[in-house]
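Trainee: Order-wise, the sequence lines are chains A and B. Once you know that position 66 of the first sequence is 65 in numbering that gives the first Met the number 0, the rest is easy, because the numbers rise by one and skip nothing. Once you know that position 59 of the second sequence is 58 in numbering that gives the first Met the number 0, the rest is easy, because the numbers rise by one and skip nothing.
Derived by calculation from the structure, the hints in this document are not laboratory data. Incorrect hints may have been included.
To be verified - Covered stretches of chain B (in silico footprint by chain A; criterion: 3 or more residues with CB under 8 Å from a CB of chain A, positions within the stretch not fixed):
#, stretch
1, 272–282
2, 475–482
3, 638–647
4, 665–678
Stated by the list, open to error - Anything over 10 Å on all C-beta distances counts as not near chain B; from chain A, calculated:
#, residue
5, Ala1
6, Phe16
7, Pro119
Note that beta-carbon positions come from the ideal geometry of N, C-alpha and C, so glycine has one too.
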Amino acid sequence: MAGVAVSTTINGDDVEFLCQPDETLLDVLRDRLGLTGAKEGCGTGDCGACSIILDDRLVCSCLVLGAEAQGRRVETIEGMAQGDKLHPLQQKFLEHAALQCGICTPGFLIAAKDLLAKNPDPTEEEIRFGLAGNLCRCTGYDKIVRAVQDAASVMKGA
Amino acid sequence: MGFDPRYLERNFTSVGTRPIRPDGLDKVTGRARYGADFNMAGQLVGAILRSPHAHAKIRNIDTSKAEKLAGVKAVITSADLPDLTDGNSEMYAILDNCMAREKALYDGHAVAAVAAVDARTARKALKLIEIDYEVLPHVTDVDEAMKPTAPVLHETVFTEGVEPKPGKPSNVAKRTQYGHGDIEAGFGQADFIVERSFKTEQTHQGYIEPHACVANANSDGTAELWVCTQGHFVYRQHCAELLGMEVSKLRVTSSEIGGGFGGKTHVWAEPVALALSRKAGRPVKLVMTRDEVFRASGPTSATSIDVKIGARKDGTITAASATLRYSCGPYYGMWAELGAMTAFACYNLENVETVGYEVLVNRPKVAAYRAPSAPMAAFAVESAVDELAKSIGMDPVDFRIKNAAREGTRSSYGPVYGPIGIGPTLEAARNHPHMQAPLGKNQGRGMACGFWFNFGGQTCTDLNVGTDGSVSLAVGTMDVGGSRASLSMVAAEELGIAYEHVKAVVADTSSLGYNDMTDGSRGTFSTSLATISAARNAIKVLRERAAQTWDIPVDDVAWEKGHAVAKGEKYGNLPALSLKEIAAGAGNTGGPIAGHSELVADGAGVSFATHICDIEVDPETGATRVLRYTVLQDAGKAVHPTYVEGQYQGGAAQGIGWALNEEYIYGKDGRLQNAGFLDYRIPVCSDLPMIDTQILEIPNPNHPYGVRGVGETSIVPPLAAIANAVSNAAGVRMTHIPMSPPRILATIKAEQAG
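Take the sequences, apply the hints, and build the full model.
Mentor: Right under this line is the structure:
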């Protein structure tokens with residue numbers, strides 16, 4: 000099957016790649032571009048571990064075709080920190096121990112970043128429903144919610 | 000190594016603090032490498048063909064078409080994994096589970112595998128493999144499987160543990176019995192007796208990371224395996240045994256692990272990946288899909304349990320008995336036995352008897368799931384205990400306190416307890432503000448207790464002092480919940496240096512001696528013992544080097560706060576030598592400085608917890624909402640309290656999912672109908688409230704700091720605590736887990752109908 004040539008922007012950098020027409024964006028990111036931060040937990044859009052932001056919209060990259068990235072902006076976990084400087088959400092996840100095994104963490108961070116971009120001052124309930132598309136099996140979510148609350152207050156003050 | 004009471008008076012410098020984990024940065028930036036994040040040059044993609052039948056004889060497998068497909072480099076069947084197990088039935092079960100031999104024993108059982116240049120070709124090749132099945136009658140329900148009329152999975156299985164040996168094969172692999180006293184006499188003294196039957200459905204550990212590995216078998220007989228596992232030394236052992244290799248020729252590197260909870264303690268795909276690599280002559284990456292994870296990897300047992308408990312009017316339990324039937328999947332496991340051992344472990348009982356039956360069914364091979372088998376037994380027992388307290392008219396907490404096991408109690412499974420935490424967690428629960436929180440309409444409060452043994456096991460640790468005085472700690476127990484942080488803290492504590500100067504890594508199997516896997520809540524308990532021992536060995540060397548430098552007897556050198564100190568008036572002028580100074584001079588005093596430790600970590604202190612929860616039940620739909628949840632558990636000594644809280648919260652959340660939602664649903668055809676996260680629904684963020692925790696510290700007498708394992712007990716009480724809360728909210732006794740809305744509604748309606 001002939002490959003599709005795609006030009007896109009990933010974490011602010013211009014990127015070109017060839018992919019199969021039926022190849023998911025998640026597989027392109029992980030297998031062709033070496034961006035393994037997004038994880039495949041289910042491949043059916045149920046776990047959120049592969050969350051990325053596509054043109055300001057939170058999506059499961061396992062439900063997007065690689066070819067659909069043409070001409071669009073992709074943000075992944077690899078672009079969240081600015082060099083050595085962690086995003087406040089990353090910092091607060093560390094401080095609150097909002098991760099144990101960490102496999103869901105990239106997805107949660109991306110989803111939380113999207114949530115705070117749209118709602119900088121969420122209630123606990125809004126955080127819980129805003130992150131309900133991401134599964135975590137280790138933490139019981141308590142420390143994740145607290146980390147997001149703390150990050151929101153830091154970001155508001157900034 | 001016994002508990003050192005001096006630590007009680009001592010101010011810990013590292014232990015008990017809450018530093019950021021050393022693996023944290025990689026995990027928040029996406030750099031941490033898990034099972035599927037590793038690749039090798041020339042790597043092929045592996046895929047496994049699985050049986051669509053619950054029970055079928057494999058008459059013939061024709062792989063010729065698949066082999067001819069362009070891009071396919073290897074196709075294997077059980078013929079490529081010959082039986083080298085030499086009569087070891089446990090290893091044979093693992094082998095047969097990795098690749099079905101004569102029969103497929105469950106929907107999802109592996110029957111063949113391919114390695115191809117890419118995933119698409121591999122999937123296409125699977126479709127070209129032709130299998131001639133003779134479909135056999137199947138059984139998936141634990142009670143059905145015990146009936147004399149049930150289809151028998153193995154003609155070779157005759158129930159063990161019964162006299163005389165049965166004349167006919169059956170699905171009951173083993174009977175076990177625990178207890179002491181005379182239960183008939185005990186029930187005779189009872190004023191009140193509660194007798195009930197309970198069922199729990201099969202659940203999955205639900206780790207978010209599917210099993211994944213990269214195998215590279217070389218033509219010189221060596222091999223490497225990169226894999227997400229809770230025990231890379233055990234995986235090495237199993238793979239080497241199944242493939243006929245010497246263990247030293249197989250180097251296993253554990254990746255970061257994306258959750259295990261007991262489910263990554265057994266090999267499934269790894270021997271297959273190695274066999275594919277051996278046949279193809281190239282590295283092979285094998286990653287399970289979520290569908291495969293559900294259909295073919297580690298669920299817990301489904302159970303059917305009868306409980307009977309009697310008590311006098313004053314609230315003293317006079318006798319307790321239980322019969323526990325646990326499904327094992329198609330191969331024997333000691334699952335009912337663990338249920339029988341743990342069922343009444345919280346109580347001080349004169350007369351107690353439990354009987355366990357291991358039942359074979361056409362479902363995936365059961366794997367450990369966090370305190371395996373204990374939550375279901377606790378559900379049955381703690382539900383009955385609550386009901387009994389109600390019959391007597393006693394508060395459920397007071398009733399449990401009256402009957403709680405204590406130091407000196409002979410446990411229901413045999414040993415006599417040392418200092419334990421069941422009484423203290425119950426007292427703490429009674430005094431917890433949660434108990435006074437107001438409840439509204441349709442809301443109920445429940446509580447329950449839980450027990451887990453905790454394990455120790457073989458452990459080996461290397462502590463190397465760098466030339467700059469910083470310390471590398473190589474451990475062999477996989478870090479599943481922050482143990483690299485807690486073990487670095489322990490090393491820092493012993494050496495008297497800052498946490499920041501210690502870096503712990505999980506060493507591969509070629510770099511360190513054998514370690515048992517991270518199970519039984521043993522990671523921090525056992526490896527901290529080995530780390531303390533290794534650090535003390537290093538301190539001995541450091542003292543010798545200082546003595547040599549000073550030219551004084553080593554017995555006159557003490558180790559204090561990270562420094563060698565010359566003891567005695569005569570050495571008054573000698574300034575203390577820091578670890579850093581001694582390390583810098585090591586080249587002139589005898590070479591590198593290190594401490595090693597190899598031990599069997601005996602004496603893991605038993606663990607107890609009490610949980611309280613508030614549930615609202617919608618009487619019209621049967622839907623539930625968790626309003627409040629509190630975990631009170633004995634940690635012995637919390638090395639990193641935040642991570643201990645995390646274990647408490649995580650176990651509670653898994654228990655809540657088990658209690659309310661999660662279950663394997665099989666169709667009449669014996670096929671799993673909900674092999675995905677959409678239909679097998681684990682709790683999401685909006686399902687749960689904050690989970691409050693209280694850490695109690697009753698020192699383990701077998702650890703210098705008093706540490707006990709903390710990982711597993713937190714999943715034991717939730718099923719019962721929630722069932723008791725639902726019972727109090729809706730006025731009905733729930734006896735079937737999960738308490739999904741249809742089940743609750745049906746129970747309410749049945750109650751109303753009288």
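Trainee: Are the hints correct? Go through all of them and say.
Mentor: Hint-by-hint comparison with the structure:
Requiring three or more residues with a Cβ within less than 8 Å of a Cβ of chain A, the coverage given for the stretch 272–282 of chain B is violated, as only 0 such residues are present. Counting residues of the stretch 475–482 of chain B whose CB lies closer than 8 Å to any CB of chain A gives 3, so the stated coverage by that chain holds, three being the minimum. Residues of the stretch 638–647 of chain B lying with their CB closer than 8 Å to a CB of chain A number 4, which satisfies the three-residue condition for coverage. Check result for the stretch 665–678 of chain B against chain A: holds, 3 residues qualifying (beta carbon to beta carbon below 8 Å, three or more required).
The beta carbon of Ala1/A is kept farther than 10 Å from every beta carbon of chain B, the shortest such distance being approximately 14 Å. The beta carbon of Phe16/A is kept farther than 10 Å from every beta carbon of chain B, the shortest such distance being approximately 15 Å. No beta-carbon of chain B is positioned within 10 Å of the beta-carbon of Pro119/A; the least distance is around 19 Å.
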